[in-house]
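Once you've looked at the hints, dock chain B with the ligands against the given chain A.
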Amino acid sequence: MHYSGLKVITEGLFGNKGWKPVWRNPAPKAQYDAVIIGGGGHGLSTAYYLARNHGLTNVAVLEKGYLGGGNVGRNTTIVRANYFLPGNQEFYSHSLKLWEGLEADLNYNVMHSQRGLINLFHSDAQRDAFARRGNAMISQGDDAELLDREGVRRYLPYLDFEQARFPIHGGLLHRRGGTARHDAVAWGYARAADRRGVDLIQNCEVTGIDIENGKVTGVQTTRGAIRAAKVGMIVAGRSGQVAAMAGMRLPVESHVLQAFVTEGLKPVIDHVVSFGMGHFYISQSDKGGLVFGGDLDFYASYAQRGNLPMVEHVMEAGMTLMPMIGKARVLRSWGGIMDMTPDGSPIIDRTHVEGLYLDCGWNYGGFKAVPASGWCMAHLMATDQSHDFARRFRLDRFATGDLLDEEGTGSQHNLH
Amino acid sequence: MRITCPLCGSRDRREFHYYGGAVYAERPAADAPPEAWDGYLHLRDNPAGETRDLWYHELGCSAWIEVTRNTVTHAVLSARLLAGPERQGRSARSILTKKKPNSGGKGR
Ligand SMILES: Cc1cc2nc3c(=O)[nH]c(=O)nc-3n(C[C@H](O)[C@H](O)[C@H](O)COP(=O)(O)OP(=O)(O)OC[C@H]3O[C@@H](n4cnc5c(N)ncnc54)[C@H](O)[C@@H]3O)c2cc1C
Ligand SMILES: [Zn+2]
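Protein chains in written order, with the numbering used here: chain A, -5 to 410; chain B, -5 to 102.
Next up, chain A with everything else stripped away, as it sits in the complex:
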């Protein structure tokens, strides 16, 4: 079924009785050309681009829970291309371009909203660093504008400009940055992959990876064995466990990151605002809830929920920056499991096993990467060659020292 404005109107006139399930619910076949482990954003986009860009449609996505039940449905939905290091820049720039054409490509409303992202700075040194980052973004072909204090005040009059601890000196405005509806991204890719023949298999946990003579031959699952000559491991926070099935130990430690949403309010925050010095960032969803978060809880965790100290810290930072939000009531908080690499950058690479590929290490920033990660991972699985935009996302870069430390904080899991 093709979605269109006309379809919405006619369905509205006839009681919305004509809508069909958005994807099939097939039983797993005994064999596929390629199997994707993990039905999150990255697994689904990889499956879609395998079909769309490489004509590989005998593909299954195996998801242990339900599609979109992982981090892709738990994040705070910021989409941006303001990276600094060569290797990251091209990749995220490509991703943002894919976002800009995504709804037409998928025939699905992912509610991509380029409302502008403003990163605040609070000192001369930080301004210089942001000016440099902005120049790097512009040379990459993306957009950036340096705002002074009055420039920020024009857009964000509600900030506390008198605050003494981190006085606001200005901000870096990235107009093409913004948000998207996270669930819709998972659903849109799922539907588009299904329409091209990909089997989406839910409630199907991979429990083993079959390897013979150094080559992958398939996977064991809770719904039986499935043979495949190509297998992609795309399981975000669970990467350590799945890779262990192939005898691998990854440069990944899983941490919990929390987020919060308030009751629905009238439009009050028009942009995405980030306050790095306070570890706080915020935007307002189309339903009106203020969606905000902070830093990791900072210890290894698989709990999908965090502890109270970080809750307190995030609330304090929010109140410091914009005291007006003190009147809003928090409705919910939750956590997701983040696959943290030592340098904070991802991995899209082959493994020591022929036909077995790895896409992981998205840390807390993998939502914006969903389109480009699928694009590059599909390229890798189909051609056995790294895509040029993902050439530095190598698994061996920690051993060789060719790191991608975007924040410049050092190569250790507890520093990002």
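Be aware that one or more of the hints could be misleading.
With the Cβ distance kept under 7 Å, some of the chain A side facing chain B (calculated, not the full set) [as the list claims (entries may be wrong)]: (1) G241; (2) R243; (3) V246; (4) S248; (5) F292; (6) A297; (7) N301; (8) P336; (9) F392; (10) A393; (11) H407; (12) N408.
Here are some chain A residues the structure puts well away from chain B; computed CB gaps all over 12 Å [claimed, not checked]: (13) P20; (14) D291; (15) E306; (16) K321; (17) S380; (18) G395.
Hints are computed from structural coordinates only; laboratory data are not their basis.
Given the structure is predicted, the values throughout are model-derived calculations rather than measurements.
The beta carbon of each residue, even a glycine, is placed where N, CA and C say it ideally should be.
Structure of chain B with the ligands alone, referenced to chain A:
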């Protein structure tokens, strides 16, 4: 979450700085092969369940402790001092690297 420091007793998690997996205490010899250093610095078992990791009692007695806890339930099972008092003072300073405020300020 509360952690029981062997010296100070049960304390709020905020008094402690998390360092990483207990493998950090098993530093390879200076002439060990590069693979050993890669394993020590970067590769992790990353278990979902019981794990051992290193914490520094920063706002307490400044001891380094090895905590056994469950990463799925956040239950803290036990804790032991990593080294005797004579090593504590030295090792604390030499291995402590702390996260700086996120000067990039990129948000997510
Ligand atoms: C609170 C929070 C805020 C965030 N904010 C942002 C943001 O603003 N911007 C941004 O860019 N990023 C953000 N992120 C990060 C982003 O959400 C993740 O990096 C990204 O979603 C991870 O990729 P994914 O979507 O494929 O993961 P997931 O959705 O977690 O997908 C992995 C899937 O694998 C499945 N799986 C695991 N093991 C198995 C198995 N054995 N067999 C079968 N299936 C398995 C899981 O069930 C899961 O569905 C945030 C994350 C969190 C938690
Ligand atoms: Zn103590």
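Status of the hints after comparison with the structure:
1. Proximity of A/G241 to chain B is violated relative to the hint, the smallest CB-CB distance being about 12 Å (cut-off 7 Å).
2. Interface restraint check: A/R243 against chain B, minimum CB-CB distance 4 Å, threshold 7 Å, status holds.
3. Taken as an interface hint, A/V246 checks out: its beta carbon lies about 6 Å from the nearest beta carbon of chain B, inside 7 Å.
4. The beta carbon of A/S248 comes within 6 Å of a beta carbon in chain B, closer than 7 Å, and the hint placing it at the interface holds.
5. Nearest Cβ of chain B to the Cβ of A/F292: about 5 Å, under the 7 Å cut. The hint holds.
6. Evaluation of the A/A297 hint against chain B yields a held restraint, the C-beta minimum of about 5 Å falling below 7 Å.
7. Taken as an interface hint, A/N301 checks out: its beta carbon lies about 5 Å from the nearest beta carbon of chain B, inside 7 Å.
8. Look at A/P336: its Cβ gets to within about 5 Å of chain B, closer than 7 Å, so that hint holds up.
9. Checking A/F392 against chain B: minimum C-beta separation of about 4 Å stays under 7 Å; hint holds.
10. Proximity of A/A393 to chain B holds as hinted, the smallest CB-CB distance being about 4 Å (cut-off 7 Å).
11. Here the hint on A/H407 is kept, as its CB sits about 6 Å from the closest CB of chain B, short of 7 Å.
12. Hint status for A/N408: holds, given a least beta-carbon distance of 5 Å to chain B, under 7 Å.
13. At roughly 29 Å, the least C-beta separation between A/P20 and chain B is larger than 12 Å, which holds for a residue marked as non-interface.
14. Not every beta carbon of chain B lies more than 12 Å from that of A/D291, the smallest distance being close to 9 Å; the non-interface claim is violated.
15. A/E306, annotated as away from the interface, has a beta carbon of chain B within 12 Å; the closest lies near 9 Å.
16. In this structure A/K321 is separated from chain B by more than 12 Å, as the shortest Cβ-Cβ distance comes to about 23 Å.
17. Taking the minimum C-beta to C-beta distance to chain B, about 20 Å, the non-interface status of A/S380 holds against the 12 Å cut.
18. With a minimum CB-CB distance of about 10 Å to chain B, A/G395 fails to clear the 12 Å threshold, and the non-interface call is violated.
The structure shown violates the earlier hints numbered 1, 14, 15, 18.
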